[in-house]
Amino acid sequence: MAIATASDDVFVEEERPTARVLGRRHDRLALALIAPSLLFLVVFTYWPIAQVVLQALTIETFGSKTVEHGFGNFARLFADASFGRAVTNNLIYAAGTIVPSIGLALALAVGLRESTRFNALLRTVVFFPVLLPLVAAASLFLFVFLPGIGLLDHHLGRLGFHQTNWLGDPDVALWSLIGLTVWKNAAYYMLFFIAGLQAIPDDLYEAARLEGASATQRFARVTLPLLGPTLAFVLVVALVNVVTQVDHVVVLTKGGPSDSTNLVLYYIYQQAHENYDTGKAAAATVASLTALVALSVLSLRTLERAVHYEA
Amino acid sequence: MATAALSSRFDGLRFAGVAILSLVALAWSTPLLWMAIASFRPQSFGGLDMASLAPNFRPTLANYVEALDSADFAGLYLNTAIVCLGILAVQLVTITLAGYAFARLEFRGRTLFFYAFLLQLMLVPPILIVPNLVTITRLGLYDHLVAVMAPYFASAFGVFLMRQTFRTIPRDFEEAAAVEGAAWWQVVIHVLAPLARPGLVAFSIVSVVAHWNEFLWPLMVISSTENQTLTIGLASFTRGAESASQWGVIAAGTFLVAAPLLTAFALFQRQFVNSFLFSGVK
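Chains D and P, in that order, give the protein sequences.
Heads up: the first sequence begins at -11 in this note's numbering, then just goes up one per residue.
Heads up: the second sequence begins at 855 in this note's numbering, then just goes up one per residue.
Think of the hints as simulated: they come from the structure by calculation, not from any bench.
One should not assume that every hint holds.
Unchecked claim - Sample of chain D residues at the chain P side, in silico, Cβ under 7 angstroms:
# : residue
1 : P36
2 : G99
3 : L139
4 : A183
Unchecked claim - Reference listing, derived: stretches of chain P covered by chain D, where coverage requires no fewer than 3 residues with Cβ under 8 angstroms from a Cβ of chain D:
# : region
5 : 938 to 949
6 : 974 to 983
7 : 1046 to 1053
8 : 1097 to 1106
All C-beta atoms in this analysis are idealised placements derived from N, C-alpha and C, irrespective of residue type, glycine included.
So here's chain D without its partners, still in its complex pose (with noise of 0.2 angstroms):
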């Protein structure tokens, strides 16, 4: 949620003249005022950093006091079959879970825009899940996914679906876990389209509607074009969700069944707590940081474009 806040005021940057009327630098206070941060920065985000880049590059064999450097827990890693497999999982969980949540958010915010009371309790009761741990959420959708009493089989039972063994089948359990997430996140993105949709000024659905543009040209060609900077930010919200959130995984499936439900955080978390395997660890977290570096880098460039485009 961060992500926004942050480079708009990048790329907005703009020098108060005041700063320059005050005159003087204040090298010394500055530092001291941001020592704290920067010292925590320093243990917990850089070091770390450094650190797992150089224990990815070290190969520790078993048994011998010598230490090599190189690529092998690179190559020990694109080797294994399930760290290409919780990659492709994360892929289809983003995909999976990233459009149909926007799209959702979307929808409802179109129609829970007007604060109405009726609207209102509407907007409370889809946003509940928000706020609910995932782990909580897990908990209570181990009934929800319970094969034959569970709740969904439960009340598709009744319509007349068969069983479903929603968590058990390795074809299905990868799209239960996007299921929750969806329940989970959708109104949380709703929230910031609401807000989006509230700062487009009415006179210019008035204007379109003078120019006789019918419902769905006024949202093709004003309300989507106004909630870019929006849209982006919901997208990249969604998109480190996706990859730093795999709670419900550790409860609900623990990766399987055999791998289906692997994401790559979860694979890294069983490398080091499970198999004690840090070279593999390391390894992959070096890997999921370069694919956030890019993907932050594309993010930034895409809000940049939104923001101008807003300006």
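Since the structure of chain D is provided, determine the placement of chain P on it from the hints.
For chain P alone, kept in the frame of chain D given last:
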């Protein structure tokens, strides 16, 4: 005539829209609705009808009693509160100071430092759990609550939020205070911080919600039961209750974990929503 037809068609559309929205909201709320109902359902009620949403039973607190019995909820609440408030207390200091520096002071390397901070927004702590675990162990903090908090003491996000907030405050106030002979820290504490309250409140809500709900990192650095936070406690509690198919107990436990935030949201809805928006769109 034409307008009447048009307006009745419009009413029809409107009605359909409201109906669809209500259905979506109903479907959305079903899991939580089930949680509330199942948590009060007697256990002997039978497993087959467990998914029923009809409250056709005499409500009982048995599930809550059992949930509270099988996990040390008081300890879990306490640990989680310590973690959230501990993180927040340190964050409020670090972000206010750094936010002030970036908003008001001119200094060498400002842009460079700014970008150095920016990095943490993208390379978020959850990705760095493996090397951070090594650091925590070396610092001798493994299995201490401080280990859960430490990676979050600096918040690039908070620094930007405060910088942004400080920038919206006119300088006249500070200049008046400076003329009166106030030192910079008096200006920050007595003038800027009170004026920046909306920013601080917004950040606090977002921060507490995030850390109340956090799971993977505490799971990695906490090993003993008495240092567990709510999410960890819930996960192990769920495992136990699941193998015994005690769904009502799971519902009760989940409700206990989620209740504080859900209640806070119900009470301070506007403030919550504004905070989430403030944290993003500003």
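How the hints compare with the structure:
no. : hint         : in the structure
1   : P36          : 3 angstroms, holds
2   : G99          : 5 angstroms, holds
3   : L139         : 5 angstroms, holds
4   : A183         : 5 angstroms, holds
5   : 938 to 949   : holds (count 3)
6   : 974 to 983   : holds (count 10)
7   : 1046 to 1053 : violated (count 0)
8   : 1097 to 1106 : holds (count 3)
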